[in-house]
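Chemist: Here is how the chains run, residue by residue.
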Amino acid sequence: MTNLKISAKMHIIIIVSSVLIALGVAVGLICEFVADGYFNYGEDYKSYKSVEVTYALVDFPDEDAVEEICETAFKDAKIKYYGCTFGDGKVEYRFSKSVKTEKIQAAAEAVNAKLKLDGKDLSSASAHEISDLLGGGKALTLGAIALASGVAFQFIYFVIRYKLAMALSALLANVHNLGVFLALLSIARVPVGSNIFAFAALTVVATMIGCCFFFDRVRKNIKNEVTAKLGAYGVCDLSMAESFTSVCVPAVCFAFAAVLMFVFLSISALSVMGVLSAVLCAVFSAVACVYGTSFFTPATYSRFMKLGDDFKAKHHFKKPVKKA
Amino acid sequence: MGKIKSAILTALIVAAVAVLAFFAVVSFPVAGSGGVKKYNSFISSIHLGSGFTGEARTVLYPEGVRSEADYLSDMPEIPQGEAAEGLTQEELDEYAKKQNDYVAKYEKRGSLYIEKDRLGDNEAELIESVKKDAEVLNDRFNQKGYSSYSVSVQDKFTVRISVPTNFSYSAYKDADDANRTARSEETSKISRTVQYLTASGELTLRNADIGKGNDNLLTSDTADITTYFKSFKKYSSAKRYAVKVNLTKEGRELFSDKTEQIVNNASSDKAVNFYVGDTQLISLTVEEAINEKSFYITVNDGDYAEDYSIILNSVANGKTLSLDYGEAGDIEIVYTSASLGNYAAIYFGVILLLIIVGAIVFSVVRYKKLGLVNALSVIIFALAMIVALLIIGIQLTAAGAFAAVLGLALLCGSNIAAFEVIRKESKKGKTMQSAVKSGYKSVLTAILDLHIILIIVSLLLTLICVGEIQACGFIFFIASIASYILYWFTRFMWFVTSSPVRDKFKFCGFKREVPLDD
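So the protein sequences, as listed, match chains A and B. In terms of the working numbering, the first sequence opens at residue 1 and continues consecutively. In terms of the working numbering, the second sequence opens at residue 325 and continues consecutively.
The set of hints was computed from the structure by calculation and includes no laboratory data. There's no promise every hint is true.
Unchecked claim - Lysine-lysine pairs mimicking DSBU-like chemistry, simulated, CA-CA at most 30 Å apart:
1. A:97 x B:440
2. B:456 x A:229
3. B:480 x B:440
4. B:536 x B:554
5. A:90 x A:120
6. B:432 x A:97
7. A:90 x B:432
8. B:754 x A:223
9. A:163 x A:5
10. B:692 x B:582
11. B:765 x A:223
12. B:440 x B:455
Unchecked claim - If you want the ones that stay clear, here's a sample from chain A, every Cβ over 12 Å from chain B, calculated:
13. 68
14. 71
15. 145
What the hints assert, rightly or not - Under 8 Å between C-beta atoms, here's a sample of chain A residues computed to sit facing chain B:
16. 127
17. 130
18. 143
19. 190
20. 195
21. 197
22. 208
Treat the numbers as computed from the prediction; the structure is a model and nothing was measured. Note that the Cβ used here is the ideal one computed from N, Cα and C, for glycine as well.
Please work from the sequences and hints to get the whole structure.
Modeler: This is the structure we're talking about:
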């Protein structure tokens, strides 16, 4: 890390980021027109099909028997469900929208026939189609506003706490990191729900923390007579090398905590897919944050620093000498 | 600080934490109740999201649309066997005709039975009306601020609504004490909310004495009620709840006129009753004529006030349901199992416990007795979060718990950062006192920065967002404040516990490198 001269090679970082973001936008746009949307919207926003079984406790005191009948019928119909909930004498199996309606109806009829064997006519099964899923629209809009406010707050805070150039670099870093995070979500087609804002907020927070560590080091190195002589690129590279661990630790810790929690949840839910999206969101958030803060921020800030130094030097020489 | 003072202070704090921890995590049968009553720990009384305690869902059937079960149960039967004995052929034919007419009236569509006159040319209109009503209902439920909910169209002709149950773990497992919020209280809250928010029909004002027509209306049939009201808002102050009614100029004139009539002419009914369709919501008891821009109608409960204000606002703004979804009593609510598995809450508790134990073990291994001081802060942090969640009544979801874990990471990170700087300072040959002083001073701005940033971002999420993200923001806000307070508490306890110790470097697991000059 210490030997890398990142600051002078901003063009490489910009190329990598641009390619990543462009790829994300391209995949998103293609999916918007030919598939199910810019992002792979999760269960909260997706239409689905279901088989609902209503069983009488007199006939089926043990719900395992109902479950067995359903499992066999679904296996025979060659269809797979992705979610199942029990409650109040009802079981609902959820199927993806892409599963053929005829197959689901045939399976529901098979379940119905088996439930009603031996004159047990109090139980039944029916197939349903759930569409136009509403809910959370306001949450998404307000989440976006909160995120934008967070980024704006960071800019104001950095202007007060550090310098305008540092605040601008941090603002760019935030926009860049969010862009990379969203591009990764779009490319990987991770199912996203309202939790996307929680992880986007995490990206903003981790970027802010990382930028704080980096700019603190920059300030100390500028004040130091020996390191100040390294110039804009040298100071930024040195500061990044010194603060690299501090930048990585919060982001990696956040991601690790998320992975740990959601791994246990997947054991509980007996479904990896259900919680995989949260884990991937956390990992993408950490990757975007570490990459953006460690590589993009020093590169942009060194440019601002150099511009400032050049501007100062120019004005210093042009300063008219006052006559005595 | 002296040895005795230090020991007493440490013992008092540890004992208080131990007692609080016991009541926070241990549930037990109440002695003397024969095992009937049970004390539920704080942790099992926290309200949980639908991932841990399931959801409540219902399907609304518009008039003329029936489920298979309802269709079959209402089908006229033809007497058979013993019941048919003594009946003439004509009577039997009459029964058969009734059944045939009933069957001929409906057409089967998937799992639904729909009256034929609602299909054909009217089918597209019916489908469109159901879709529009789903949007109106979505708008109403959106204002409840649920951590997760959904309103959707099921099988084109019905509306399906799902909301989180808001059960605590003890309520989910039905092991509640009678003195605590029982499962039945939560289910009745949900039933009431669903009943009010799905009310069909226009807003009307009624009075039995001076109202006109069969419905005792205070306004004429042609009057546009939306011109009378600006808004309805929930109002709460010191555990008293009300609905604040803001009137327009026309509304003020109407209320001034009608309330004066009620005061002068009404004998038995001295109230303005607010109805949506045929559902009576609130009543404004009139003692004198009201000529104000706004007034308050007191209600018993905060949830009532919220439900009333949402539905009244919706209908007063012209967002009424275009179809009739039957009587409130007809709505069947199903409570489902947790979507993350029946034991998700237990697994989740174990994860959180493992994370806490991990943090404690790491700090004890690395910092010896100083690690125990950090462990005490970690335990207090966990207890503070449990108590805050219980008192404020925030619904805990997986994302919310993640926010709390991040708060814990923040506390441990802050403490470890300070300990590491002090370790470096002590290696320079400084005394422990001097190393601690300069160490805390050097990380002061970084720690303060970190906490200020996190507190403000979490506050933004709390104030701007709704639902799960808002809950996460609020949990993180509390966690960040707790983290900063406990960061300084750690510093204080370090001083208290290490004061009587002779070798202060050994206490912290640090090694002092004595300079050659010494």
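Chemist: Going through the earlier hints one by one, which of them does the structure break, listed in rising order?
Modeler: When the structure is compared with the hints, numbers 2, 10, 15, 19 turn out to be violated.
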